[in-house]
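Asks: The listed protein sequences derive, respectively, from chains U and L.
According to our numbering, the first sequence is numbered sequentially starting from 3.
According to our numbering, the second sequence is numbered sequentially starting from 573.
Please keep in mind that the hints were generated in silico from the structure rather than gathered at the bench.
A virtual CB, placed ideally from N, CA and C, is assigned to each residue, including glycine.
Errors might be hidden in some of the hints.
[What the hints assert, rightly or not] Sample of chain U residues at the chain L side, in silico, Cβ under 8 Å:
id: 1; residue: S190
id: 2; residue: Q194
id: 3; residue: N196
id: 4; residue: F197
id: 5; residue: Q205
id: 6; residue: M209
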Amino acid sequence: MKSIIMALMGASLALFGPLASARAAAPINPQADLKAFQGYFLKRFPNVPLAAYVNGPYNFSKSEADQWKQIMEFPPYQFALDTGKSLFNAKFPNGKDYASCFPNGGIGIAQNYPMFDAKTGRVVTLGIAVNRCRVANGLKKLKLTTGPMADILAYMTSTSDGKKINVVVPNNPKALAAYQAGKEYFYSRRGQLNFSCASCHVQEAGMHLRGNVLAPALGMTASFPLYRSKWGNMGTLVRRFIGCNKKVHSAPAKPDSAAYRDLAYFLTYMDNGLPVSGPGARP
Amino acid sequence: MNLRASLFSLSLLAGLSAVGVSQAATPAQIAAGQEIAETTTLGNCDACHMFTGATEAGNVGPALKDVKSMVPNRKEFYAIIYDEEARNPQTVMPAFGKNHILSPEQINDVIDFMYTK
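Kindly produce the complete structure, drawing on both the sequences and the hints.
Replies: Printed below as a string of structure tokens:
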């Protein structure tokens, strides 16, 4: 047992290494990070092919995988998908619609988000883009965690099903800084229990924390938004961030905060090349 | 009486059992230790460690069995629960003492309980 733990620790050190050197002002290199990140998991779990990481915990628990197959006979997100589609297609009071705010009418574009917006110098998640569209058309923002926003994102994501995730970090100091901030958030320990995201989703990936499989960080963003039986409804990626922050007794950030935008930017960039597979379903 | 208060008075009754002082654990201390070990907001030991009697235990940490030979030195055991990061900076085991999740009395109760495993 000890030797396994030591081996895991050694492996995770290899991944923490680059961060330590990044702190010493090494150049920010998302492409090199991505190669190391994906390579780390592929080497550690040689039986899990790259694209299968989008199925998160199901690669690591046969009982959960069996349950999942049953659940997917009647996907629990179907209702959200239908609602999301009609919300997306409804006209705003001013006669315009969501399609008018997005390239390609919003269809088949989810794989490109989060996106760096050079005008504001900030990262824009698909949810934030939907809210921007609403505000531009005189409507109130929607809550970013669940409800109608999760439904609209479920529909938009479904139109990208199978497309390869393609998040771009342009060679722009603000974009690189946002990426780096997300990366540091991911690897920094916080809260009374002093966990980083990486503690659970890199170092202990595939292990069981009580009854829960700790999903590997690779592929984590690909199935969102998702229906979670424990929630009893749909949730977005930020809802998950908030839940995991609370788990370790650390104060969650605001759903539209720079911290969460940047975290989503980093994590989704790490998933580049994997297929979009949302909406998803989890225990 | 809430759990914390009752645990506190229990440990007072037990004569402020200091670290390292060898004294037979009372059934009350062992029961208090079990409660702490299995309560998610306290020790939550079974989230990560399998031990006999734990339901739905995790496997993030090694199974805790035959604990007396695993960590024969009580002081060392106390240090592991107090702050495992001191021994292994990469560990995910929370620093229960250092971060004020468990009081010294509570740590001692957990040790008494674990030594029955």
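Asks: Would you pick out the hints that fail for this structure and give their numbers low to high?
Replies: Those not satisfied come down to hint 1.
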